[in-house]
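Asker: Spelled out, the chains give:
There are 2 protein chains.
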Amino acid sequence: MIGKSVPRVDAYDKVTGRARFTDDMILNHCLVAKVYHATIGNGRVISIDTSEAEALDGVVKIVTFKDVPTHPYPTPGHPWSVETAHQDVSDRNLLTGRIRYYGDDIAAVVAEDEVTASRALRLIKVEYEEYPVQIHPRESMKGSNPPIHQEKKDNILAHSDYEIGDVDQGMKDAAVVVKASYKTPIIQHCHIENNISYAYMENGRIVVVSSTQIPHIVRRVIGQALGIPWGKVRVIKPYIGGGFGNKQDVLYEPLNAFLTMAVGGRAVKLELTREETFVNTRTRHSIEYDLAAGVDEDGHLIAKDMHAYSNQGAYASHGHAIVANGLTAWRLQYGCPNVRAEGYTIYTNTPVGGAMRAYGIPQANFAMECFMDDVAYAIHMDPLEFRKKNLIKGFYQDAYLKPIAAHSNGIFECLKKGAEFIHWEEKRKEYANQTGNIRRGVGMSLFSYKTGVWPISLEIAGARMSLNQDGSVQLQVGATEIGQGADTVFSQMAAETLHMELENIHITSVQDTDVTPFDTGAYASRQSFVTGTAVKECAQLLKEKILAYAKTLLPEAVGTLELDHGYILENGEKVLSLEQLALECYYSLTNSSVITAEVSRQVKKNTLATGCGFAEVEVDMALGKVKVLNIINVHDSGKLLNPQLASMQVQGGMSMGMGYGLSEQLLLDEKTGRPLNATLLDYKMMTMMDTPDLTAGFVEMDDPEGPYGNKALGEPPAIPPAPAIRNAVLHATGVAFNENPLTPQRLIEAFQRAGLIPVVG
Amino acid sequence: MIGKSVPRVDAYDKVTGRARFTDDMILNHCLVAKVYHATIGNGRVISIDTSEAEALDGVVKIVTFKDVPTHPYPTPGHPWSVETAHQDVSDRNLLTGRIRYYGDDIAAVVAEDEVTASRALRLIKVEYEEYPVQIHPRESMKGSNPPIHQEKKDNILAHSDYEIGDVDQGMKDAAVVVKASYKTPIIQHCHIENNISYAYMENGRIVVVSSTQIPHIVRRVIGQALGIPWGKVRVIKPYIGGGFGNKQDVLYEPLNAFLTMAVGGRAVKLELTREETFVNTRTRHSIEYDLAAGVDEDGHLIAKDMHAYSNQGAYASHGHAIVANGLTAWRLQYGCPNVRAEGYTIYTNTPVGGAMRAYGIPQANFAMECFMDDVAYAIHMDPLEFRKKNLIKGFYQDAYLKPIAAHSNGIFECLKKGAEFIHWEEKRKEYANQTGNIRRGVGMSLFSYKTGVWPISLEIAGARMSLNQDGSVQLQVGATEIGQGADTVFSQMAAETLHMELENIHITSVQDTDVTPFDTGAYASRQSFVTGTAVKECAQLLKEKILAYAKTLLPEAVGTLELDHGYILENGEKVLSLEQLALECYYSLTNSSVITAEVSRQVKKNTLATGCGFAEVEVDMALGKVKVLNIINVHDSGKLLNPQLASMQVQGGMSMGMGYGLSEQLLLDEKTGRPLNATLLDYKMMTMMDTPDLTAGFVEMDDPEGPYGNKALGEPPAIPPAPAIRNAVLHATGVAFNENPLTPQRLIEAFQRAGLIPVVG
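Quick mapping for you: the protein sequence lines, in order, are chains X and H.
Quick note on the numbering used here: the first sequence kicks off at 1 and runs consecutively.
Quick note on the numbering used here: the second sequence kicks off at 1 and runs consecutively.
Heads up, some of the hints might be wrong.
If chains are identical, the list can't say which one is meant, so a pair holds when it fits in one copy or spans any two.
Claimed, not checked - Once the Cα atoms are required to be at most 27 Å apart in a straight line, the calculated DSS-like pairs of lysine-lysine come out as:
id, residue 1, residue 2
1, Lys-551, Lys-605
2, Lys-4, Lys-536
3, Lys-625, Lys-183
4, Lys-604, Lys-551
5, Lys-14, Lys-61
6, Lys-429, Lys-388
7, Lys-416, Lys-429
8, Lys-416, Lys-389
9, Lys-684, Lys-671
Rather than coming from a laboratory, the hints here were simulated on the basis of the structure.
Using the sequences plus the hints, can you model the full thing?
Answerer: Structure below.
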């Protein structure tokens, strides 16, 4: 069953529109909440007048920052820690009078319907005291008065660094030292389903139904934000229309919970608009990198130095973990005796940076892989050749976090496959000496990526199975289907280990923290690895219990009993159907006991997935246009659980990566920090017309750590396209772009500066 | 915690209207189904024309008996049996062209809304061939042509008998032989919430949300009725507005499931009207009894003989189990060396008899306890004295079903309490020689009642618990809250065994067969006994796991660890809070594993609860009116789990029992079998104005078999009032009524026959 391209278990329901998302489950007579957002970028509320809004017919309740309890809470979807030092920063409250970014949450309206709620918002009057707005991290870290958060006078949320070997000496010893700076933009996840939840009370407890990747964490954070015992909160997660990390944050669920309490437990819905999803949820951090490398005569890296400045925006959210993930990546995969890195995470008055597919690596990898090309160019070496020379073959492990290791390592095979696809050798030569406005080039990049978060943080997953009367099996996991196909591969895993048909595994897609085994959720490409481990063990346990019960029904059996496709086999011969056995265990008058199994498993392992991207582009320099002619991602993600789903995962990630490289950026007004293009019309994502065939290649290494030989695949596909395209543009034009996306404006300005096209007008 | 009158865990939500019942959970855009019922009492459909109805705008689908698959299925809420001989009778299909009672289900309409569905029903045209209607069992068992069901040519669904000792000889040896016949009426449960369900499809499976006492059984029967694997069905049970056994049958859920399949999986709601609930669901069987007893010179029973004829109505449903339960009761509790009984269950053309609170015993007990008075009168002995002389003291067990035994027996204490309350001695004398039209009397009755169904059928229950991060506990059971307070007492049990506060037990009230531990449901007064056993064991298991984990956190602890009110105690001293422990088990980086426990427990035990009722009445013979002045039930139900809830349970049962004695009966047209009073206006239930203070008395014996010393209490309260009132009327007037209810018409006719009041006009 593992390795087969079975259709998704939810395919039919999702294609026919029958699958139920949060909005499909909303109760009749549900009240509607809307949030009043600040219209300044930095400052404080001097006065707020809600009287006119409250007088509006149909308005049920208005709460302002003055009405909410003070329980500062953290929002990131991380496992909690019992050690204070490892806990996330708690720097926000349900509502605030201290405005830290344009759009900050000041008040909320609860009304009988959406129109009334919207009208009420327009009747609220607020007076502000304004402070200067700072949207650039390197400026913000010089400090501001007042600071963005009182606890961090210099606006620096966190700083960390490390040094392996002696980088300064390495630089001195180097034949060539190359330095360059890179910057990545603020972008947004743009999941199809905007953030939405509804909440009500039930027997003195709060129930929140939410489109989230992390129901068990939402439960905990609501408890923290409201200052109530966590067990008083129940979170339900239906199907969700994408998250990409934005729903790995606890966003408006705590406010939604508070609002239902404020109206005596009546159901209240809180659904964001697309504009709010852009501005008031999370973004991918913009990070600035200053990199340096020293190489020896042979082109070996002998010293590397990274200084990174991450723009956190107004609140801590996932905070320093993002830039820190890049610092770790900086020391992996390429062999280099002397490596140094430091990173700053800096509060500014911008929308809040959080988790987004690949968690800091798209930024760091853009910088690193652009830089690898720039270093190769500086020493006149083929960029692929330069990388191969410096890449570690086979096993390696992180210098500090030992479990983070390449237990299997298919990067060289990946590079071979990618280079062949793009005709690297031929095209690097063919495109060497072009003239004219339209030029072509090939570029590439590579990456390695952790599977889950151990040992940086906790990894734990739960699974429960029960045997139905017909011999089919119910499967519950705390891990979440977020569109990636998790339900399907978990079902495949159960079928594989139980030797059953897939159609006899019935997975419960909805998580309900009251009854669902604990799992931290969908992030860090962890689920098929961590939860997969729990599913496998749970299936093994269920099988053991089934065979033990079979023994009681077959007291004279002397041979080995096995479970195979709905039958108990004794020495390979069918002796009892699983349905018969199940009926006995349910209904036997002598010995009935329904067979269930449950596992809660801490997973103390990790493994590095790897892969690369190759792109061929055509650059129309006069138009400032990059057309991607061919593109491939080649992944070593261990054994593929479902090749079809794996390809779709890669294609989706490549599309995202291309948008990151070419067009996506959330623009902010310099003076107010107000987002300028927070709509899907103005924010430019890839469309089908921008997208060539997306080729997904795989090198299947059977990973010894993966429960079914598998490694991370959820996030990595988004990593390589942006630097591969940038490097292809470099190859085509000789111009090294150090900032993505490669928009027409940025391209034209650079080509003009390089004298490749004339300055017009 | 056990024995405390804590408020119901669902009290607040139910009082404020927030508790969600099936109708509150119905999805938007749900289609509405209505059933087309036969308008003859016996016959077959010659032709059916749905064309006009189908042409109506808004009609989505019409199915008739010709469109449904043929999978005859059983409907009673019994555990399934792997032995064919023990399986329930499968004598019905989803729809039928062979009409067996007035109202039988011929077709169903699915429409966009209720009005359209109702209009469509009126456009369906049916032609019938009619057969003679038979509503009396002793006539029906003579046979009919054609028989009601082809498989039972003589219309006898089942017959059973037994004889202990030699009854004929006993009768010969007796000083006095008394014979009498009794008859009980057809009545209806009249639960507040009519039967309702809605169904939809999800990933190729069928989901049915239903107001049922037995979700896991509904799942199975839908599978049987549709001929699909049982694992393809998911049943969800929200709060339900009463059932009293009527929702211990699988009624329209299979048809509802079929209808959603017929419309491609769209959600379809099927809600019965009150009239349909009266006619098309289930009723309490009318049973006719011929009894005889021989007593010796001292007033000891030396022979007893029962012949019972149960009117099953048109379909088997719970069938012979009802009358058989009375046959068993006939040989229990009263000592008698020679006992014989036989019972017939007979198909007729009446609404279907099924389970109703106390499952055959209100009928048998009415006959038996009226008879005990009649025998006492025959030998001129005080009825209470006569009973005491013949009752078994202390332990006794059933002659055939050994586990059915009085492991504790408080009947004598109950009688003492009841007699004192009603002032038996004084009033039996005081009312001995009355004259005039208005007379008073005191009467009593007693009973014993099994707890659960073992060893007649399977008893199995499941429970699962998980420890929350705040040290509170989630509790899931497959047993069902149906208004009786089950959720509250299960929570108390968990709190008791875990030594926790009740507020820290969070019970999941909704059952969902996909995730809820298996349990057969709410019936037979089984849950606090059978499920209670599973809850207790599950709590013990959870406690063991908590203490084992505590050991890992307290490696230096040498003393005994205990769990007490949120703390781990070592030798009685607090050493760790349960919250700290819980946080560690969730989040420890060294050893995290969320603590859960699950039990699926077969319970091979039973125990007899007992009790009595005493009533004082005033009979206005001219008006044909019985006024109950004082009434008490005294129960030995073992240790009371929650005295307040127990009292409420008793009061509700007493009200039902009074209605059974005085006013309730479903009247049928002799010629067509058409119910004549199938509305709450015409069918006379007790109201507050008819009801005196209802006194609930208890004798708390600590039963050795009950998990917390408890025995049956759910059903028994409904048993004693009817015969106690009838016996009080006998005491007041000297007239022995042998048929309930004691309606004005029946009273006046009897008093006229007895010459107590004049025949007018």
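Asker: None of the hints should be skipped; say for each whether it holds.
Answerer: Comparing the hints with the structure gives:
no.: 1; hint: Lys-551 - Lys-605; result: between (35 Å within a copy, 25 Å between copies)
no.: 2; hint: Lys-4 - Lys-536; result: within (17 Å within a copy, 45 Å between copies)
no.: 3; hint: Lys-625 - Lys-183; result: within (20 Å within a copy, 94 Å between copies)
no.: 4; hint: Lys-604 - Lys-551; result: between (35 Å within a copy, 22 Å between copies)
no.: 5; hint: Lys-14 - Lys-61; result: between (36 Å within a copy, 24 Å between copies)
no.: 6; hint: Lys-429 - Lys-388; result: within (19 Å within a copy, 112 Å between copies)
no.: 7; hint: Lys-416 - Lys-429; result: within (17 Å within a copy, 109 Å between copies)
no.: 8; hint: Lys-416 - Lys-389; result: within (14 Å within a copy, 99 Å between copies)
no.: 9; hint: Lys-684 - Lys-671; result: within (23 Å within a copy, 78 Å between copies)
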